[in-house]
Amino acid sequence: DTGVSQDPRHKITKRGQNVTFRCDPISEHNRLYWYRQTLGQGPEFLTYFQNEAQLEKSRLLSDRFSAERPKGSFSTLEIQRTEQGDSAMYLCASSLASGTGKEDTQYFGPGTRLTVL
Amino acid sequence: AQSVAQPEDQVNVAEGNPLTVKCTYSVSGNPYLFWYVQYPNRGLQFLLKYITGDNLVKGSYGFEAEFNKSQTSFHLKKPSALVSDSALYFCAVRDLGGNKLVFGAGTILRVKS
Numbered sequence: 314d315t316g317v318s319q320d321p322r323h324k325i326t327k328r329g330q331n332v333t334f335r336c337d338p339i340s341e342h343n344r345l346y347w348y349r350q351t352l353g354q355g356p357e358f359l360t361y362f363q364n365e366a367q368l369e370k371s372r373l374l375s376d377r378f379s380a381e382r383p384k385g386s387f388s389t390l391e392i393q394r395t396e397q398g399d400s401a402m403y404l405c406a407s408s409l410a411s412g413t414g415k416e417d418t419q420y421f422g423p424g425t426r427l428t429v430l
Numbered sequence: 053a054q055s056v057a058q059p060e061d062q063v064n065v066a067e068g069n070p071l072t073v074k075c076t077y078s079v080s081g082n083p084y085l086f087w088y089v090q091y092p093n094r095g096l097q098f099l100l101k102y103i104t105g106d107n108l109v110k111g112s113y114g115f116e117a118e119f120n121k122s123q124t125s126f127h128l129k130k131p132s133a134l135v136s137d138s139a140l141y142f143c144a145v146r147d148l149g150g151n152k153l154v155f156g157a158g159t160i161l162r163v164k165s
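In order, the protein sequences belong to chains V and Z.
As numbered in our numbering, residues 314 to 430 make up the first sequence, in order.
As numbered in our numbering, residues 53 to 165 make up the second sequence, in order.
Next comes chain V alone, as it looks inside the complex (with noise of 0.2 Å):
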């Protein structure tokens, strides 16, 4: 059983470029969720997918930033214009719904850290 996998795990971009990051889940989970986190602070809510519909996203995630997860498994996140504010490390995070899904476990790959210049 393989772990959430994320790649890559470094990206370093100038500022005004775009960037794609990449989330495998957990085969069989049904839900993929994606975090970022700032230096100093826990991991902030960014979107969620059950399956491929996007069921929620955050205040934070502005119209630079897209996620798809179109076949229901892997998931991208894409960064248009990049801001040196966007420096942080993303996490994705997979989970297998039951019940009314509040008791599943969300298990976090390594992330993806990004440095805008």
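Heads up, some of the hints might be wrong.
Ranges of calculated distance between the beta carbons of each label pair, as one might list FRET restraints [said to hold, decoys possible]: (1) Lys384/V <-> Asn93/Z: 27 to 33 Å; (2) Arg322/V <-> Ser165/Z: 29 to 35 Å; (3) Lys129/Z <-> Gly329/V: 47 to 53 Å; (4) Thr326/V <-> Gly68/Z: 42 to 48 Å; (5) Ala157/Z <-> Lys384/V: 34 to 40 Å; (6) Thr124/Z <-> Leu409/V: 27 to 33 Å; (7) Gly385/V <-> Thr124/Z: 35 to 41 Å; (8) Gln97/Z <-> Gly329/V: 31 to 37 Å; (9) Leu430/V <-> Ser132/Z: 41 to 47 Å; (10) Arg162/Z <-> His323/V: 25 to 31 Å; (11) Asn93/Z <-> Leu409/V: 26 to 32 Å; (12) Gly385/V <-> Leu108/Z: 35 to 41 Å; (13) Thr326/V <-> Asn107/Z: 45 to 51 Å.
No wet-lab data here; the hints were simulated from the structure.
We put the beta carbon where it would ideally sit given N, CA and C, even for glycine.
For chain V, the structure is supplied; the task is to place chain Z on it using the hints.
Only chain Z this time, still in chain V's reference frame:
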């Protein structure tokens, strides 16, 4: 809205001594509470969760947490700390309106030999 507070930025403990990392929460309704640990430049690892039932929850690596409804607390504990327990610990609560986790700011645990 749900929220979590971790009142200590850092906890220092000697190896072999018991440790406690504090967490208090604010939710409307029944809370779903989680503890995660993060090592440097790594993602979060799940330790344990409280959903319902016994107030003492046992988790990975010898950790346990005590749910106290009257004090709205969910403190993480371990009877005997190891140097390898040194890491960043996060308490989280499930948002009742959806499925996201709301995290505290984290507590650095330093265990000295």
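Return the numbers of the hints above that this structure violates; sort them in rising order. none
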